[in-house]
Amino acid sequence: MSEMREPLIPYVGVITDVRIDTPDIKTFRVVTPDGKKAFDHRPGQCAMLSIPGVGEAMFSITSAPTNTEFMEFSIKKCGCVTEWLHQAEVGQQVTIRGPYGNPFPVDDAFAGKNLLFVAGGVGLAPLRSVINYCRHYRDRYGKIDIVYGSRSKDDLLDYKEIIEEWATDEGVNVHLTIDREQEGWDGHVGFVPNYVKELNFDTDKIAVLCGPPIMIKFTLEGLQALGFEKTQVYTTLELRMKCGIGKCGRCNVGSKYVCKDGPVFRFDELDELPGEY
Amino acid sequence: MCLKGVKRMRKCALANLDKLFAAIAENADLYLPVNDENGAASYKKWEEGTEMSDALNTVKSPKDFFFPQSEDLMTFKTEGKNIEITDIREESKDFVVFGVRACDVRSFDILDRVFITDPQDSYYASKREKGVIVSMACTRPTETCFCAAFGIDAAAPKGDVTTWKTEADLYLQANTEKGEKLLAALEALTEEADCAAVEAQQAKTRAIMEKLPLAGLDTEQFGGGKTKEYFDAPEWKELSQSCLGCGTCTFVCPTCQCYDIKDFNTGRGVIRYRCWDSCMYSEFTRMAHGNNRNSQLERFRQRFMHKLVYYPENNDGIFGCVGCGRCLAKCPISMNIVKVMKTLGGKKDE
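If you're matching them up, the sequences are chains A and B in order.
The first sequence begins at 1 in the working numbering and counts up one residue at a time.
The second sequence begins at 1001 in the working numbering and counts up one residue at a time.
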């Protein structure tokens, strides 16, 4: 019986590092008990993490597939599972299963293109996987622009990596912004959608958006005003999930299940679905 | 259907039915519909003296046999920071479900397309593999029946074995290898039969079917690709207005397959189990940061759009309803899929 692999039965994972990113976001490094990466994944895919007795929840894998040693999850404290995780220490075991969902088309539609990543808050987590994948295979892509905003400078995720690695890469432009003026911040101040419009990007690129629904809505409108078509703009959705494999029935938007048909969607594809997300 | 020369028809005198059940129960657990003191039927394990119910259908559908209302999936032991996962799956026993109606037989095909498509759900699949479905043709379809709308013939149910109960005999015909095997084991208790009695019964049943109030229910207007046509229909408001969100319809429904996964801490370990859930419940899609189906209208719409549009869109046009009529009989406010279909489809028959 047990020879039939059961997708709902997870593997054991161990938290080997906890990085405090912001007051409410931590990044957890997870490997198997023998120190290996639990499974391979593609940029934009997700995994189910659980703590027995607490619950199981879906998270985007924030590390890139090019990292073959471990997986990372940037997790905002906002519910039962996440609150428990935020109290976890190094060495704590969790359970992990996946990978789930469709990745961003990094080797197809993105190949050879200029890329624009727009993220708000913890919305950077799923995009970091794609960004680092594209940085790893730098010569496969054109110019890369990254617009990232948060409430304050303390709420910027992966700040050190952004400043020390992304911003120093050849052909990568990072545009950071925070919602309100703050002491010690001499960068841009203002909401992400407005900043995207101000930056007046050429339409010769593919855009990838992730953040709060309101940010996505206005950023898309801004990009359209700049001349972008919906076929050039991607996002990744998040809905409540239990199984992760299209069977438990709760993450559907129309006939599509976010866990298996998404989470990555192009905006023209979303237009075909009811606005129930 | 009774196919002369293609499938062999066997029969067993009703007087010998107990012997037949005993013979089946020798090799497998046998379940059949049994009436309670109020005449409500539910599947019970056969034992000496168990009387099979003549009820048109069981209160709860037989989906339980493959997708139990609650089912343990795995257990965990935690010690300090460590977790041990135990796969508690066991080899399912052989079992026979006897007397399944045509509508419920179709529901297994609908569930199969959810659970057995890649990645396969092994909990469901292993029970499906071990279970033998013995269906029974209906003879007294009633006013809540509308299986014919989904192309189901109540007089010729599918399943591994089809049976027809006449005044004097039980006629049996195998449809699958599993069914052949079961009938082969019962050879001594059955005899070769012709189809005359079965055909006569089928003709009678079909004549009743044609006259049922829901006989003309039109499904043509629904199906895949109709999301835009119906999603924003103003009719949803009125249809869903009285819905209590009690979830009874989903629990008696043979095709509703949504489930929840929960952990139960026993004090000595954690059991992770799954149980039926309902898209009619407000918690169903609630997340830490909000709910994408906040109103009962949205939840109500989801259930019917799923059965009439989304499911067929993903499954070659097959509807996610079998017309068993349980929801018609059980909804406390008398709202149901038939009313939804008629209202959305142009207020027919009103």
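These are calculated hints, taken from the structure and not from any lab test.
No experiment lies behind these values; they were computed from the predicted model shown.
Glycine is no exception: its CB is placed at the ideal position from the N, C-alpha and C atoms.
Hints may be right or wrong, so weigh each one.
To give an idea of the interface, some chain B residues facing chain A are shown, with a C-beta separation under 10 Å as derived from the structure [as the list claims (entries may be wrong)]:
no., residue
1, Ile1085
2, Asp1118
3, Ser1122
4, Leu1244
5, Cys1246
6, Arg1293
7, Gln1302
8, Met1305
9, Pro1312
Dumping the calculated DSSO-like pairs for lysine-lysine here, alpha-carbon to alpha-carbon at most 27 Å [claimed, not checked]:
no., chain 1, residue 1, chain 2, residue 2
10, B, Lys1226, A, Lys260
11, B, Lys1081, A, Lys36
12, A, Lys37, B, Lys1081
13, B, Lys1127, B, Lys1019
The hints, checked one at a time:
Below 10 Å, beta-carbon pairs count as interface contacts, and isoleucine 1085/B has one with chain A at about 6 Å; its hint therefore holds. With a cut of 10 Å, the hint placing aspartate 1118/B at the interface with chain A holds, because the nearest CB-to-CB distance is about 9 Å. The beta carbon of serine 1122/B comes within 4 Å of a beta carbon in chain A, closer than 10 Å, and the hint placing it at the interface holds. Look at leucine 1244/B: its Cβ only gets to about 20 Å from chain A, farther than 10 Å, so that hint breaks.
A least Cβ separation of about 18 Å between cysteine 1246/B and chain A goes past the 10 Å threshold, and the interface hint is therefore violated. The criterion of a C-beta within 10 Å of any C-beta in chain A is met by arginine 1293/B, whose closest approach is roughly 6 Å, and the hint holds. Among the interface hints, the one on glutamine 1302/B holds; its C-beta lies about 8 Å from the nearest C-beta in chain A, closer than the 10 Å criterion. Interface hint at methionine 1305/B: satisfied, since its Cβ lies 8 Å from the closest Cβ of chain A, which is below the 10 Å cut-off.
Nearest Cβ of chain A to the Cβ of proline 1312/B: about 9 Å, under the 10 Å cut. The hint holds. A threshold of 27 Å between alpha carbons decides the hint, and for lysine 1226/B with lysine 260/A the separation of about 21 Å falls inside it, so the pair holds. The hinted pair formed by lysine 1081/B and lysine 36/A meets the criterion: a straight-line CA distance of about 18 Å does not exceed 27 Å. A C-alpha spacing of about 19 Å is found between lysine 37/A and lysine 1081/B, which places the hinted pair at or below 27 Å, so the restraint holds.
At roughly 26 Å between alpha-carbon atoms, lysine 1127/B and lysine 1019/B fall within 27 Å of each other, so this suggested pair holds.
Of the numbered hints listed earlier, those contradicted by the structure are 4, 5.
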